[in-house]
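Undergrad: Listed below, chain by chain, are the residues.
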Amino acid sequence: MGSPVKVNAIVMEIVHHTEILASVKFKTIGRTPRFSPGQFLHLSLEKYDPTTIWPESRAFSIQSSPTSVGIIEITFSVKGTFTMKMFDILRPGVEVSIKLPYGDFIINQQCDNIVLIAGGTGITPFLSFILQCIEKKYDKNIFLYYGIRDKSCFLFKNILDKASETLPNFKLKIYSEAPFPSAQRTTVLDIKEIFYEVPLESEFYLSGPSSMVKSFHNWLIEQEVSLRKIKFDQWE
Amino acid sequence: METKADIIRVEILEKVKEYYLEKFGEIETFVPGVSSIRYAGRVFNEFELINLVDSSLDFWLTTGRYSEEFCGKLEDFFNVSNAILTNSGSSANLLAISALCSEKLYERKLNPGDEVITVAAGFPSTLSPIIQNNLLPVFIDVELGTYNVAVERLVGAISKKTKAIFLAHTVGNPFEVIQIQKIAKEYDLWFIEDNCDALGSKYDKKLTGTFGHISTISFYPAHHITTGEGGCVITDDLVLANIMKSIRDWGRDCYCDGGESNTCGIRYKQKLGNLPLGYDHKYTYSHIGYNLKMTDLQASIGSAQIDKIEYFIEKRKANFILLKKALEQFTDFLILPKATPNSDPSWFCFMITVKENKYFTRNELTYFLASRKIETRNLFAGNLLLQPAFLKIKHRIFGSLENTNYIMENSFFLGVYPGLKIEHIEYIIQSFNLFFSKKLIK
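Residue numbers (the numbering used here), protein chains in the order written: chain A, 1329 to 1564; chain B, 2 to 443.
Source of the hints: derived by calculation from the structure; they are not laboratory data. There could be a bad hint or two in this list.
Restricting the straight-line Cα-Cα distance to at most 27 Å, the calculated cross-link-like pairs of lysine-lysine (DSSO-like) are [to be verified]:
(1) K1355/A - K1375/A
(2) K283/B - K1407/A
(3) K1559/A - K110/B
(4) K1557/A - K326/B
(5) K186/B - K1465/A
(6) K1559/A - K272/B
(7) K74/B - K1375/A
(8) K186/B - K1468/A
(9) K105/B - K1557/A
(10) K105/B - K1542/A
(11) K74/B - K1334/A
(12) K1557/A - K110/B
(13) K1559/A - K105/B
(14) K1520/A - K272/B
(15) K74/B - K207/B
(16) K1468/A - K105/B
(17) K270/B - K1559/A
Taking beta-carbon pairs under 10 Å as the criterion, some of the chain A residues facing chain B (in silico) [to be verified]:
(18) G1330
(19) S1331
(20) T1356
(21) I1357
(22) R1359
(23) R1362
(24) F1363
(25) S1364
(26) P1378
(27) A1387
(28) I1434
(29) Q1437
(30) C1439
(31) E1521
(32) Y1524
(33) S1538
From a predicted model like this one, the values you see are computed outputs, not experimental measurements. Backbone N, C-alpha and C define an ideal beta-carbon position, used for all residues, glycine too.
Kindly generate the complete structure, drawing on both the sequences and the hints.
TA: This is how it looks when you write it as structure tokens:
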């Protein structure tokens, strides 16, 4: 949650999950500010000259734990020329520029019932939170609803398994449009179903495609859920 | 690749160092009675000048790389998440109080008429933001010697309308901040530390400025480090940080730094309140704000100054100790400053209160010192309620302001800033000895 800082970073590792989906781990060079789970960074493929304006960049949720000092991880899918270039050129040793942290999509850790609803790569800001919870042995109720298209999009199984094993009150429900064993529901995410499944005094965190976030947000408002209890992180 | 501009820059900065040594490098000879002994002043070396010129060569001007660097150093020094630079310590105070009135705090926001507990013995910019935000100041008296509030008195002053506590660590001496933090928690009050005079002070081995919901710092030249004009707010609360950034930056909702835009990625895609769908977020205003930003030129100086903070703190403490040891012989007539128990002050100055006596007054002593070119200052405004600007303000006083009034008539301070050398301190001590020998013989 520190003041934003612009730093250079080196790619440590890149995992290509599918032909359009990859996770990248960076090591920052220089002082990296503290961030909170849910915050995001900007990544530029150009080297940043601090005496000039910040180069072209895109925003990505930070998925690594806030405690992993100097190590930053993101996941991205190819959606345009910038992310296509990322997919093509990011390899171990490549230097990039990042600036962080930004955003106020911060999970209220005092809340007794935290409902996380993630569509696709929208799960990444929640991973940062879950990793932190694992480290802190967090014991409040966390309900994670994770919607994916099919098995190939089911990422981060190891982290989610660890959360299920370690966190006494972590409940995971996977919605997949195509059936596969880990998915409890073979359908798209259903906000109505989720709403009636979780305790009344829950706080809702929505992350994913803009259309999903907007419709879920509006539906929750219609149910008279206080605006303060709904936070969202939407990306085009 | 090094460009011609890079090469010229290096040459310029080398020349700046040369200039510094030529212009400021020589230690001034102290001539007793002729050379002024200031109560405060800027202390710097070539690094401040190099940074300043380097920043000017960027010609970035507004928040830039040096602001980022300075913020980072402050955040590391305090071990906090957010250091938000401002154009003065007074602006930092204004931001802190204004933030507490934000609608974004929902039912926790301060409303007109809500009470804020503070003191009258201090600097006006602790009080002014309370009035400017239509809140009601509640004054409590301070103790002589520490010049801070007594905790029991503070508890007594709390009413149903009390919503915040806003206190300064007077002249660097920490108030009982842990106890007051507990009270704030118990009564669900906002707690702001005015840390402007106390950069580097500690209470229970922890830096002051890290106990309250918000704290403020001043970088005016009289303070521990300087940026000329300048200040900072410190907070670990992201909501408060975002509110303060908004109010600092014209009240805008967007958090992009100067020269940047669309950091959020949804600049033209939101529907906010009654604004048209997609209205430019950079020109969306969620607060009635100000423009209180620090320039990158100022931050470049601050970034070099903060590197010297440990030396500055130690030098201030050392000067303080020398004065205290030497003046202890006069405690029949003077109340000397005393550190709050469990504290380790980074002293702003050396406060003295003249006890009631038949030999001399405060003014006689300070005039005598002035005649020997030794600067003194009163405890800022004395009793603020007696100052013309504050005569008609709405307020409440809990108990009496007996000590505050006594301070106004009888207290003053000497400098302890790092620019004072042993010969300055010795001359001050000699001057006290001379004054007392003259007065007491008469």
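Undergrad: Work down the list of hints and note, for each, if the structure agrees.
TA: Now the hints, each set against the structure:
1. Simply put, K1355/A and K1375/A have alpha-carbon atoms about 15 Å apart, close enough for the 27 Å limit, and the pair holds.
2. Distance hint between K283/B and K1407/A is fulfilled; the C-alpha atoms sit about 25 Å from each other, no more than 27 Å.
3. Proximity of K1559/A to K110/B is assessed by CA-CA distance (about 20 Å); at most 27 Å being required, the pair is judged to hold.
4. Proximity of K1557/A to K326/B is assessed by CA-CA distance (about 59 Å); at most 27 Å being required, the pair is judged violated.
5. Our distance criterion of 27 Å between C-alpha atoms is met by K186/B and K1465/A, whose separation comes to about 26 Å.
6. The straight-line distance between the Cα atoms of K1559/A and K272/B is roughly 15 Å, inside the 27 Å bound, and the hint therefore holds.
7. For the given pair, K74/B sits about 23 Å from K1375/A by alpha-carbon distance, which is consistent with the 27 Å threshold.
8. In summary, the hint linking K186/B to K1468/A is supported, as the alpha carbons are separated by about 23 Å, within the 27 Å threshold.
9. A distance of roughly 13 Å separates the Cα atoms of K105/B and K1557/A; the hinted pair therefore holds under the 27 Å criterion.
10. Note on K105/B and K1542/A: the hinted pairing holds, with a Cα-Cα distance of about 21 Å set against a maximum of 27 Å.
11. About 14 Å separates the Cα atoms of K74/B and K1334/A, which keeps this hinted pair within 27 Å; it holds.
12. Among the hinted pairs, K1557/A with K110/B is consistent with the structure: their alpha-carbon atoms are about 18 Å apart, no more than 27 Å.
13. Of the pairs offered as hints, the one joining K1559/A and K105/B holds, with about 14 Å between alpha carbons and a cut-off of 27 Å not exceeded.
14. Under the criterion of a C-alpha separation no larger than 27 Å, the hint pairing K1520/A with K272/B is consistent with the structure, at around 24 Å.
15. With a CA separation close to 17 Å, the supplied pair K74/B and K207/B stays within the 27 Å bound.
16. Proximity of K1468/A to K105/B is assessed by CA-CA distance (about 26 Å); at most 27 Å being required, the pair is judged to hold.
17. Restraint check: the Cα-Cα separation between K270/B and K1559/A comes to about 16 Å, which is no more than 27 Å; the hinted pair holds.
18. With a least beta-carbon distance of about 5 Å to chain B, the hint placing G1330/A at the interface is held under the 10 Å criterion.
19. Given the 10 Å rule on beta carbons, the hint for S1331/A holds: about 4 Å separates it from the nearest Cβ of chain B.
20. Taking 10 Å as the C-beta cut-off, the interface hint given for T1356/A is violated, the closest approach to chain B being about 13 Å.
21. For I1357/A, the shortest C-beta to C-beta distance to chain B is roughly 14 Å, which exceeds 10 Å, and the interface hint is violated.
22. Below 10 Å, beta-carbon pairs count as interface contacts, and R1359/A has one with chain B at about 5 Å; its hint therefore holds.
23. Below 10 Å, beta-carbon pairs count as interface contacts, and R1362/A has one with chain B at about 5 Å; its hint therefore holds.
24. For F1363/A, the interface hint holds, the least distance from its beta-carbon to any beta-carbon of chain B being 9 Å, beneath 10 Å.
25. For S1364/A, the suggested interface contact is upheld, since its CB lies about 7 Å from the closest CB of chain B, less than 10 Å.
26. At about 4 Å, the closest approach between the beta carbon of P1378/A and any beta carbon in chain B falls short of 10 Å, and the interface hint on this residue holds.
27. A hinted interface residue such as A1387/A counts as satisfied when its beta carbon comes closer than 10 Å to some beta carbon of chain B; here the least separation is about 4 Å, so the hint holds.
28. Hint on I1434/A holds. Least Cβ distance to chain B is approximately 6 Å, under the 10 Å limit.
29. A hinted interface residue such as Q1437/A counts as satisfied when its beta carbon comes closer than 10 Å to some beta carbon of chain B; here the least separation is about 12 Å, so the hint is violated.
30. At a threshold of 10 Å, the smallest CB-CB gap from C1439/A to chain B is about 14 Å, leaving the interface hint violated.
31. For E1521/A, the interface hint is violated, since its Cβ never comes within 10 Å of a Cβ in chain B; the closest pair sits about 26 Å apart.
32. Taken as an interface hint, Y1524/A does not check out: its beta carbon lies about 27 Å from the nearest beta carbon of chain B, beyond 10 Å.
33. For the restraint placing S1538/A at the interface with chain B, the shortest Cβ-Cβ distance is roughly 8 Å, inside the 10 Å limit, so the hint holds.
Checked against the numbered hints given earlier, the structure breaks hints 4, 20, 21, 29, 30, 31 and 32 and satisfies all the rest.
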